[in-house]
Structures are given as structure tokens and as C-alpha cells.
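Participant: Respectively, the protein sequence lines represent chains P and G. In this text, residue positions in the first sequence follow the numbering used here: the first is 43, and each later residue adds one. In this text, residue positions in the second sequence follow the numbering used here: the first is 43, and each later residue adds one.
For the record, the hints were derived by calculation from the structure and aren't laboratory data. Please note that the accuracy of each hint is not assured.
Each pair may be met inside one copy or between any two copies, as identical chains are not told apart.
[As the list claims (entries may be wrong)] Cross-link-like lysine-lysine pairs, in silico, DSSO-like; alpha carbons within 30 Å at most: (1) 98 <-> 201; (2) 201 <-> 343; (3) 360 <-> 265; (4) 98 <-> 374; (5) 344 <-> 512.
2 protein chains.
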Amino acid sequence: MSLKETEFQLMDEEQLSVELIEAQYQLKNTSRQPNAKSVLILVSGIELAGKGEAVKQLREWVDPRYLRVKADAPIMFNQKQTFWQSYARFIPAEGQIMVMFGNWYSDLLSTAMHVSKPLDETLFDEYVENMRAYEQDLKNNHVDVIKVWFDLSWKSLQKRLDEMDPSEARWHKLHGLDWRNKKQYDNLQRLRQRFSHDWVIIDCEDEQVRDQQFAQHILRTLKHCPAHETTAVGRWKQAKTTQALLEPSTAVADEADYKKELKKLSRKVAEALRFDSRNVVIVFEGMDAAGKGGAIKRIVKKLDPREYEIHTIAAPEKYELRRPYLWRFWNKILPEEKITIFDRSWYGRVLVERIEGFANTVEWQRAYDEINRFEKDLYDSQTVVIKFWLAIGKDEQAARFKAREETAHKRFKITPDDWRNRDRWDDYLKAAADMLQRTDTEYAPWHVIATNDKHSARLQVLETILAQLKAD
Amino acid sequence: MSLKETEFQLMDEEQLSVELIEAQYQLKNTSRQPNAKSVLILVSGIELAGKGEAVKQLREWVDPRYLRVKADAPIMFNQKQTFWQSYARFIPAEGQIMVMFGNWYSDLLSTAMHVSKPLDETLFDEYVENMRAYEQDLKNNHVDVIKVWFDLSWKSLQKRLDEMDPSEARWHKLHGLDWRNKKQYDNLQRLRQRFSHDWVIIDCEDEQVRDQQFAQHILRTLKHCPAHETTAVGRWKQAKTTQALLEPSTAVADEADYKKELKKLSRKVAEALRFDSRNVVIVFEGMDAAGKGGAIKRIVKKLDPREYEIHTIAAPEKYELRRPYLWRFWNKILPEEKITIFDRSWYGRVLVERIEGFANTVEWQRAYDEINRFEKDLYDSQTVVIKFWLAIGKDEQAARFKAREETAHKRFKITPDDWRNRDRWDDYLKAAADMLQRTDTEYAPWHVIATNDKHSARLQVLETILAQLKAD
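Generate the whole structure from the sequences, applying the supplied hints.
Facilitator: Here you go:
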């Protein structure tokens with residue numbers, strides 16, 4: 043989208059400022075409302091085109107307290123990190139505006155332009171496609187993404203380089219590219235055209251026009267805060283609740299061998315996890331008392347606590363609710379963490395949030411695809427995702443609840459909430475059936491483990507981890 | 043402190059677990075109460091002594107949802123980072139428990155043992171002294187710090203190395219030191235004795251004793267949640283409010299030269315900031331409408347937004363209130379950020395929080411020293427701290443408030459709060475006088491700038507930055 047196509051005229055500066063500030067406050071007030079949104083502005087472009095100046099001017103027109111600017115040195119893409127991992131924590135909360143100079147596109151360009159062996163164009167396009175999908179997910183989850191390219195012709199760029207103050211030149215050099223090199227310039231322009239068709243392109247010959255085009259575009263975006271859809275249009279096809287969910291097996295492990303077998307498997311799993319070159323994420327879901335904690339304990343038995351991280355997921359905090367529901371998980375899976383275990387997870391979106399109405403129909407129905415993309419991104423960056431649904435029978439759960447109430451050091455594990463959730467047993471089973479059907483992928487398969495017999499469940503979990511690590 | 047000295051006996055495991063869980067819940071419920079606290083457990087020791095196992099056992103006895111474990115590869119200390127900078131974000135919130143395997147002591151030991159040129163012992167002791175002071179500040183701000191050293195004799199260590207499973211050996215090697223080297227072992231023991239006199243030392247010959255000594259010590263700590271002092275014992279000596287605060291100069295800049303001068307200085311400041319080898323933190327405090335925003339605008343005029351970060355400080359968020367008041371600033375000053383500007387700052391503790399009663403007497407009176415230590419740490423890690431108090435006359439403020447109300451694009455800058463704060467003008471001046479007297483240090487001096495004339499104020503701010511950068 044070029045702004046030339048839209049009608050553009052200079053506004054009175056004071057008027058523009060007043061409208062921007064009013065729109066900012068309007069945006070701020072949407073937080074936690076049906077039309078809530080935040081605005082993420084990705085800024086890239088040709089050196090000396092003046093993206094810095096345009097952002098600075100914008101900052102002078104708006105209330106700077108509610109506009110954050112993030113700038114980072116370029117990060118080279120590597121195979122062990124998703125493209126969003128270093129940016130996720132800067133995703134703005136509802137009501138906020140964030141300008142990102144360093145962003146996934148500028149990093150993609152840096153990577154493509156700088157490595158001795160340039161990125162294959164197919165890979166480049168794949169990255170772009172993934173970025174688009176990620177941005178769409180952001181938008182669906184209330185983060186409006188605006189992308190602005192500050193453009194400058196080769197001739198004007200050279201002229202500005204000639205006229206540049208030497209001290210600025212020294213600083214600008216830090217940005218890496220040789221802007222005197224026509225071939226590099228052309229290559230950059232060619233590459234960015236592979237993604238910029240949905241960007242706002244600002245021709246930066248004239249400073250005043252540049253600043254106003256940018257600010258006016260932001261203004262239009264801020265003003266547009268329609269209420270979000272809450273009811274789905276399509277028909278929902280409920281998955282069939284399988285026998286494995288309805289009546290989990292009650293087969294019992296051979297008690298004589300259990301301890302020996304457990305010890306052997308614990309050791310094998312520890313070694314397999316420790317020496318795998320990939321990172322591993324293990325997810326546990328299941329009804330209360332299905333044995334998630336017990337299974338986790340056996341996985342880490344032979345590991346040192348420094349080798350893994352366990353996240354026990356409860357209701358989100360307030361500041362987390364103001365961001366996409368996946369945000370808190372984006373920030374919990376770190377490239378430097380070898381083994382990350384989730385006791386409950388992002389699947390809360392399609393389980394408890396669906397059932398309790400914390401997510402509306404549109405939101406939870408959309409979540410399956412969002413989750414699949416998320417797990418695919420992890421898989422593509424060499425992270426193994428192993429998912430368990432621990433299936434317990436309803437009677438067995440009741441027995442365990444009672445045992446918990448009667449055992450002093452287990453009493454903390456049982457709360458009135460647990461009994462209440464039990465009343466919605468069938469709803470949870472239905473939700474689980476949908477989840478298992480829609481998010482059981484090649485890159486992140488589900489494993490349903492019957493846990494009526496704790497011992498055989500634990501052994502199976504360990505065996506399954508070994509099998510998936512081996513298979514991938 | 044050796045546990046041998048205290049009475050120790052094994053507890054029934056279930057009883058221990060119940061008491062730990064109860065104490066955890068008690069701790070959790072202190073959050074935002076007069077006896078609020080969090081517990082930070084620093085764990086270090088001899089390899090194979092079993093600190094990992096002891097933490098794992100603790101995790102099995104407690105409710106693991108409220109015990110977090112953080113482990114990091116050792117970080118080598120460097121001169122451009124304070125020792126707490128990489129750990130600050132893991133300081134637990136009130137009600138939480140955090141175990142840190144990687145911590146400032148283990149990093150100090152790594153640094154001392156590993157660098158080709160070992161740390162000078164004076165420097166080592168200085169680090170230890172600073173760490174102690176930092177921990178004391180944590181304790182005063184509701185973070186209880188426990189330090190536990192897991193000890194093992196040379197003989198037992200060698201025996202355990204002999205018996206170790208080969209796969210574990212491979213993993214353990216990652217930790218760096220050569221545990222077969224007696225000289226290294228002795229050196230480590232000698233070094234840790236320079237700081238361990240207030241640590242709990244656990245002799246790890248016996249696993250059961252080890253785990254129970256550790257857990258019982260944690261239990262005692264959790265149980266002890268007395269209410270915090272709120273009234274100071276000593277007499278407070280109010281500083282004299284100087285003339286510079288009471289009646290700021292009304293001298294006016296030469297209008298003819300102003301623009302030229304401003305342009306020249308903006309450029310000089312940009313260059314000085316950009317090419318200084320140190321990081322720079324600039325702090326603005328002052329009454330509403332004193333011109334903080336305007337001064338900041340002129341500092342960054344010739345900088346690119348990617349070169350600096352501006353933090354506008356408002357009331358803390360809920361999750362920030364559950365941590366030491368400096369915590370949100372620890373996390374805003376980053377080693378990789380060249381220039382960080384604060385529009386209001388940590389001085390809120392001794393200004394608005396003092397005046398509005400958000401901090402009690404003990405808290406704000408203690409804050410001056412805490413702030414001085416904080417700024418000294420920054421200074422010692424090659425960060426220049428430049429602090430401005432912008433002094434405006436009361437009449438001039440009223441004039442500016444009115445002007446703001448009458449100018450559409452400035453109206454957002456004025457709220458009922460501003461008028462209310464104005465009613466407490468004298469209290470703010472008194473608080474400012476105390477602040478200026480008690481936190482004007484050699485390493486982070488205050489600059490009081492009269493701002494009745496905006497233009498001369500802006501020029502003075504720029505000149506002052508140049509002067510301090512040059513002087514340091």
C-alpha cells in the first residue's frame with residue numbers, strides 16, 4: 043500500500059497533535075473492554091530516510107508517556123530460535139503503543155544481507171509467510187500491527203550521505219550496511235519488495251510530508267477500535283469423545299518389576315533429554331488428580347534441578363490478561379533452557395477458558411490453529427514438543443480426592459475448585475476430545491495415557507518420551 | 043553459622059512436609075500485609091555434595107507451585123555490569139520463594155577461579171562487601187535472603203567422583219572446575235571462607251541429614267514473618283530549604299543567541315553522549331510543569347531514537363509493589379542501553395511516596411542510603427549518573443498550568459492531581475531539600491537548575507551534561 047494512492051494533505055500541526063492525543067486516550071481506555079487493542083508499529087527502511095526523525099516527531103505530538111520505543115541491534119536469525127522469541131516480551135499490552143525499530147523484518151533483512159552465505163530465497167519467503175501468520179495471530183488477539191517502510195531513492199541517499207555531519211556518520215556506520223554500494227542498495231530494495239506489499243511505504247524526500255504521513259497513518263489506526271467479534275459464523279463440529287477418554291484402561295503394572303523398571307527408565311530418560319542436541323518442551327494436561335505432578339517427578343528424578351524448568355500454570359495475572367493469551371508462554375520457553383516442563387499449559391485456552399467462558403466462542407475456536415502454529419515454530423527451531431493427556435476415570439478421581447483430604451501433606455492439593463470442576467466432567471471430556479483431534483500434529487503429537495493405575499502411567503510416560511525423542 | 047551448633051534432629055517426613063506447606067501458605071498470605079516477605083535462597087557448594095538433590099527433595103515436600111528454582115550457567119563478572127544486574131529480575135515477589143543456584147556468589151567464585159588472571163583479593167572482598175549491603179537492602183525491603191553452602195570433604199568428593207555414573211560425569215563436567223585437582227578444591231574452600239561466615243553450612247556426608255537440615259532451615263525461615271517496623275527510632279534532622287529551591291532565579295537567557303546556542307549545545311551533547319565509552323543515566327526530578335519534558339526533548343534532539351531510552355515513571359504496577367521499590371529501576375537500567383533518561387525516577391520514594399504516605403517513615407528515611415548504594419554500584423560499573431532537580435517558582439507553575447489548560451495539545455499534561463500536588467508545595471520543597479542534601483554524592487551529584495526561564499534552563503541542562511561527562 044503506497045500512501046500516494048490515498049488522499050493525503052498536510053494537517054495543522056496543533057490539530058494533528060490534539061487528535062493524536064485524544065486517540066491515544068481513547069485507545070488507552072479500551073483496555074479490558076470489548077474493543078480493546080494495542081498498537082505495534084514496525085519501522086524499517088533505508089538509512090537516512092529519517093525513520094528516527096519521524097518517530098521523534100511523533101513522540102513530540104503525542105503524549106510520550108503512552109508511546110514506547112524499542113530499538114535493538116540487529117539479531118542474526120539462527121536455527122535454534124524462533125523469529126519472535128527475542129521480541130515477544132515487547133508486545134504491547136492493551137491500551138499501549140510500541141514502536142519497534144529492531145523487528146523481525148529488519149532482522150530478516152540483516153540476516154539475508156550479511157551472512158557470508160546469503161539466505162536461500164525460498165527460506166526467506168518461508169520466514170515472511172510465518173511472520174505474516176504470527177502478525178495475524180497478534181491482530182486476532184488485539185494487537186494491531188502496522189508496518190511502515192521509510193523509503194529513499196538511491197540519488198537522495200547519496201546526497202544525504204555527502205551532506206552528513208561526520209560525527210553522525212560514525213554512528214550510522216554501526217548499522218552495518220555499506221550505503222555507498224549501489225548493488226547492496228538494489229539488493230535490499232529487491233528483498234524488501236518480497237514482503238512489503240502490505241506495508242505503508244513513505245517516500246522520504248520531503249521531511250514534513252514524511253512526518254505527517256507517518257503520524258496521520260498512526261492516527262487513523264488509533265482511531266479505529268471496533269468491538270471484537272465474539273460469536274463464530276461457521277458451524278462447530280464437535281469431535282467424538284473416544285473410549286480412551288471415557289473409560290481409560292485400568293490395566294495394572296506388574297508390581298514386582300515396577301521399581302526396577304522405573305529406575306531404569308528414569309535414568310534413560312534423563313540421559314536422552316540431557317544429551318539430545320535439541321531443546322525439549324513437555325506438556326501435561328489432564329483432569330485434577332490425574333497424576334501430572336507424579337509423572338513430572340519421575341521425569342526429573344535423575345536430572346539436576348539446574349537442567350530443567352517446571353512451570354505450573356494457574357490463572358493469568360492481570361498484566362498477562364492484557365496481552366495475547368500465548369504471550370506468557372512465549373516468554374516461558376527460552377532458547378537457553380534445555381528442558382521445560384509445563385504442568386498445564388497454553389491448552390488452558392481450549393479447556394478451562396472455553397468451559398468457564400473466559401474465552402468467547404471465536405477466541406477458543408481460533409485457538410487450535412494458533413496453538414498449532416506456535417508449536418510448529420518451536421519444532422522448526424529445533425525444539426521437541428511432547429504432549430500428554432493423562433486420562434483418569436471419574437471414580438478413580440473421586441477416590442484420589444478423598445485420599446488427599448485424608449492425608450495431611452496432600453491436603454493442599456485439594457480445593458473446593460477441584461470439586462466444582464468435577465461437576466463439569468463431561469464438558470471437560472468434550473473439550474479434551476476437540477483438543478486432541480485438532481492439535482494432534484506430526485510435529486507435536488498428543489499422547490493419551492491412562493492413569494487409573496499410577497505406576498503403569500508413569501512407566502508409559504517415560505517410555506513415550508524416549509520413543510518420541512528417538513522418532514523425531 | 044554451622045548447623046552443628048544448633049540442635050538438629052530428623053523430623054518425621056510427613057510432618058516436615060505438612061509444616062512446610064503450612065508455612066508456605068502463611069508466607070503467601072503475607073503479601074501486601076504488614077508482615078509481607080518473600081524468601082530468596084542462594085545455594086552454592088562443592089560439586090556432588092548434593093545441592094541439586096536437596097532442592098529436589100525440598101520441592102517434593104513443599105507445594106511446588108509456590109517454589110521457583112532458577113539456575114544459570116556461571117556469568118563472569120565484567121566491569122560494565124553490576125553484580126546484581128543479571129539476577130534482579132528473579133528477585134521473588136512477596137509471598138514467593140525462589141531458589142537461585144546461579145547467584146552472585148557462585149559467579150564471584152567462578153570469576154575468581156577461572157580467569158587467567160585471578161581476582162585480586164581486595165577486589166574479591168569489595169565484591170563481598172557490596173553483596174552484603176545489597177542483601178541487607180533486600181531484607182529491609184521484605185526479601186529475606188538465606189545462603190546455604192553444601193559442603194563436602196575432599197575425601198568424600200573423590201569417592202563420589204569414583205562412583206559416579208559416566209553419563210552424569212559428562213554433564214557435571216559442564217560446570218567447569220576440575221574436581222580432581224586438590225589445589226583447586228583447597229583454593230575454592232579458602233575463597234568461600236572469605237564470605238561464608240553468615241551462611242548455613244551443611245555437611246553433606248549423609249544424604250538424609252543434608253536434605254532435612256536444608257528443609258528444616260527453610261521451614262524456620264518461612265515461619266518467621268514478624269511485622270515490619272514502621273516508625274523510626276532516631277530523630278530526623280530536616281535539611282534547610284535553600285534559596286535555590288525557595289526562589290529559583292528568574293534570570294532570562296539572551297533571546298538573540300538562544301536558538302544558535304541551543305543548536306550548538308544539542309549537537310555537542312549528542313556527540314558527547316554517543317562517543318563516551320561509558321553508559322549514561324540522566325534523571326529528571328522537579329515540580330509539575332518545571333520543564334522536564336522540554337529539557338529531555340533538547341537532549342535527544344540530535345540523537346536517533348535507537349540510541350536512547352526514555353522512561354516516564356508513574357505509579358508502580360501491582361506486581362511491582364510486591365517487590366523492593368528499586369526493583370523496577372534495576373530492571374530498567376540495562377548494560378546494553380547506552381543512554382537511559384528518567385522523567386521522574388527512584389527518587390519518588392523520598393518525594394511523592396514520603397509525602398503521600400505510600401512509604402512509611404522507616405522506609406523513606408532508609409531510602410537515601412539505599413539509593414546512594416544503588417547509584418554507587420552503577421558508577422562502579424562505568425555508568426555516569428547525572429541528576430537534575432528543575433526548580434520552578436510557585437507563581438510560574440500556576441501560569442504554566444493555566445497555559446496548559448488553554449492550549450488544546452497541552453491539555454493532556456494537566457490533571458486534577460497536578461493542582462492537588464500544588465497544595466503540598468511546601469512539603470515537596472522540604473522533601474526535595476532532604477533529598478538534595480542526602481543523595482548529592484561525588485559519584486552521582488545533583489544539579490539544581492532554575493527553570494522560571496525555560497530557555498536558560500534548557501541551555502544549562504545541556505551545559506551541565508557536558509561538564510559532568512568531561513569531569514568524571
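Participant: Now look at each hint and say whether the structure bears it out.
Facilitator: Hint by hint, here is what the structure shows:
Only within a single protomer do residue 98 and residue 201 lie at most 30 Å apart by alpha-carbon distance; the minimum there is 23 Å, versus 65 Å between protomers. For a Cα distance limit of 30 Å, the shortest separation of residue 201 from residue 343 across copies, 22 Å, qualifies, whereas the shortest one inside one copy, 66 Å, does not. Taking the shortest Cα distances, residue 360 and residue 265 sit within 30 Å of each other both inside one copy (25 Å) and across copies (29 Å). For a Cα distance limit of 30 Å, the shortest separation of residue 98 from residue 374 across copies, 21 Å, qualifies, whereas the shortest one inside one copy, 33 Å, does not.
Only within a single protomer do residue 344 and residue 512 lie at most 30 Å apart by alpha-carbon distance; the minimum there is 19 Å, versus 57 Å between protomers.
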